[in-house]
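Order-wise, the sequence lines are chains H and B.
Heads up: the first sequence is residues 35 to 398, going by our numbering.
Heads up: the second sequence is residues 35 to 398, going by our numbering.
Worth flagging that the hints you see were computed from the coordinates, not collected in a lab.
Careful: at least some of the hints might be erroneous.
No copy is singled out in the list; a pair is fine if it fits within one copy or between any two copies.
[What the hints assert, rightly or not] Restricting the straight-line Cα-Cα distance to at most 20 angstroms, the calculated cross-link-like pairs of lysine to aspartate or glutamate (EDC-like) are:
(1) LYS241 to ASP135
(2) LYS224 to GLU261
(3) LYS360 to GLU330
(4) LYS262 to GLU318
(5) LYS51 to ASP92
(6) LYS224 to GLU244
(7) LYS397 to GLU350
(8) LYS224 to GLU350
(9) LYS48 to ASP92
(10) LYS363 to GLU380
(11) LYS49 to ASP92
(12) LYS249 to ASP135
(13) LYS360 to ASP65
Protein chains: 2
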Amino acid sequence: MEEWTIEINRSATKKEKPNTDQLEFGRVFTDHMFIMDYSVPLGWHDARIIPYQPFSIDPSAMTFHYGQSVFEGLKAYYTPEGNIQLFRPEKNMQRLNRSNDRLCIPPIDEAFVLQAIKQLVYLDKDWIPTAEGTSLYIRPFIISTEPFIGVAPSHQYRLIVILSPVGAYYKEGINPVKIAVENQYVRTVKGGTGEAKTGGNYAASLKAQELCSQKGFTQVLWLDGVEKKYIEEVGSMNVFFKINGKVYTPALNGSILEGVTRNSVIQLLQHWNVPVIEERISMEVLYQAYLDGSLEEAFGTGTAAVISPIGQLSWEDKDLYINDGKTGKISRDLYNTLTRIQYGKEKDPFGWIDIVNEANAVKQ
Amino acid sequence: MEEWTIEINRSATKKEKPNTDQLEFGRVFTDHMFIMDYSVPLGWHDARIIPYQPFSIDPSAMTFHYGQSVFEGLKAYYTPEGNIQLFRPEKNMQRLNRSNDRLCIPPIDEAFVLQAIKQLVYLDKDWIPTAEGTSLYIRPFIISTEPFIGVAPSHQYRLIVILSPVGAYYKEGINPVKIAVENQYVRTVKGGTGEAKTGGNYAASLKAQELCSQKGFTQVLWLDGVEKKYIEEVGSMNVFFKINGKVYTPALNGSILEGVTRNSVIQLLQHWNVPVIEERISMEVLYQAYLDGSLEEAFGTGTAAVISPIGQLSWEDKDLYINDGKTGKISRDLYNTLTRIQYGKEKDPFGWIDIVNEANAVKQ
Ligand SMILES: Cc1ncc(COP(=O)(O)O)c(C=O)c1O
Ligand SMILES: Cc1ncc(COP(=O)(O)O)c(C=O)c1O
């Protein structure tokens, strides 16, 4: 880590905090944000924590035109003892740099940005909700800010980290969802940007999501963009299937986002001696497993829901009812263990927890 | 067209205009810009022309995170008589709405936005350069502005139109370029957003573009994302091949952007009784045509270059030298006719020209 300092400009007033029961994802933000700019030849510079506020940007800023941007998403959790925990944040920093590489954005100093995130979280720690299942969502993102509308990598960028308190994902207990297999639209394709966490992938997904919602489904299951046969992801989650006692998940293939939760689920299952197989999985094979009764569970994984059991999967004219539409044992065990580790209610044998504490207090 | 009014706030000062010889694409903007906002339930509202300036936006504005945005690109030309001409601008308005539909952005009133563009161009008409080959580039774009980081279509948008004087694309005469066929990265795929003019497609293209530039090529030729066999586009242009007296261009297939220049070239060729065939074209078939000597010309088409002849095409370990690396007759004829129509030097038999004049003067 290079020598960096973070300028601090504390907010003079504190915003009112929302009521815990009314927390909605991503609408309310804390008192401060972290900003850092990139230019040639300065590189990343001017790291600062300032009051959360709108910023001024030129209408020709490249990000508005050519979508050169990346982002991350992770959470801070309060333990019952009042400690603040992050879950594998270094994984998010690494993925941010992998996304940067794909999008031709200059790399960040991972250790420094993680340090900055911890300072920001500690400064706004009163915003971390404490009720069961609540947390503070952390959104780092980088946009291209050069005022130039030529199609080329920008020479100027801005990294911003904002924080948003979020309510419990499952207010009435973990609950299986209805998913539709998407046959027309694709999220991305091998050789595209699917491995990267970049806006365009999400923009591309909106239409299919909107159409499936109208039909009463929660999310779509994305098939590969080449043959439209192989399973990729579920909405903005990775996906797993338990078949005949073994757990399968699509192998990383260049178009699937490598989820931190996916990686943690794989490690946890291996720790439990449950066989995990990463391979290409076709809808046809999954359907056969369903027909012969060996498809036992299906679930999505991601930072937001942790584990999202799939109770029904609709594919063309077929409906697969999985585990009688109920949450399966593996899904529940994974959910419980992961959340207990995240919230510091269970020992973390994997070194996944990163503590935010006094050491991250702003000195000024 | 509904009843709309445009508020005008004229710039108190006029910026200095760049020297015509030093005009670079997309770096300098005129004195004014057009803005219009969308919200629920107001719809599109608050249409206004204001001094060109940065604007303030929340860091949680959706466009920064999920890339829900679209844009257009067209030009205004001065004729030798001092008339101001647009070239088929209604096509750009139609395409903007097609892009909107794919990106779940509410449609615009095409006639009204075109009207607003004409007012803006007329107000800043002193910025339209008059030297040979120069023009005023018009960039309408829409970004999603709702301060919310959930993955869903935004409920708030901003449409902005900015203007930038551009120099001649070919300073030393029309000149063939070296193109590399891209085998690893893809721009988009069927079921994706390729048909739409949206940021993510351009973000996805940067990496391949950067790698090919390093190897001395001007642009990449994109193959289809499914089989990596069929020709799609060249950089940000559509592509044509003259083979045995006939002109071929990839048929619109859901992943190719429908260029206004492409459409105009097809009409012009038909007008000249040159057979034009829109069909799926594989690199293999093109290579065979090259080997048997029937590949006569290749060129890209787009608003920026109009016609960009391809002198060399590199595919895997093969180099195709087309028309001895010189500009072919069809390429030159198309370039001359299209630019002569655009600049009002030749009669427009197609009704392509739309005049900007006194009627578009701001009344206030
Ligand atoms: C497309 C996509 N896939 C998968 C995931 C799951 O990744 P993680 O477990 O790191 O949250 C996410 C989001 O977070 C995502 O956006
Ligand atoms: C990807 C892409 N293809 C083709 C074109 C050509 O379209 P037009 O002729 O309308 O400029 C453009 C740009 O303008 C483009 O961005």
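Verification of the supplied hints:
| no. | hint | verdict |
| --- | --- | --- |
| 1 | LYS241 to ASP135 | between (27 angstroms within a copy, 8 angstroms between copies) |
| 2 | LYS224 to GLU261 | both (11 angstroms within a copy, 11 angstroms between copies) |
| 3 | LYS360 to GLU330 | within (11 angstroms within a copy, 64 angstroms between copies) |
| 4 | LYS262 to GLU318 | within (11 angstroms within a copy, 24 angstroms between copies) |
| 5 | LYS51 to ASP92 | between (32 angstroms within a copy, 19 angstroms between copies) |
| 6 | LYS224 to GLU244 | between (24 angstroms within a copy, 19 angstroms between copies) |
| 7 | LYS397 to GLU350 | neither (59 angstroms within a copy, 58 angstroms between copies) |
| 8 | LYS224 to GLU350 | between (24 angstroms within a copy, 19 angstroms between copies) |
| 9 | LYS48 to ASP92 | between (29 angstroms within a copy, 18 angstroms between copies) |
| 10 | LYS363 to GLU380 | within (19 angstroms within a copy, 76 angstroms between copies) |
| 11 | LYS49 to ASP92 | between (28 angstroms within a copy, 16 angstroms between copies) |
| 12 | LYS249 to ASP135 | between (38 angstroms within a copy, 19 angstroms between copies) |
| 13 | LYS360 to ASP65 | neither (41 angstroms within a copy, 62 angstroms between copies) |
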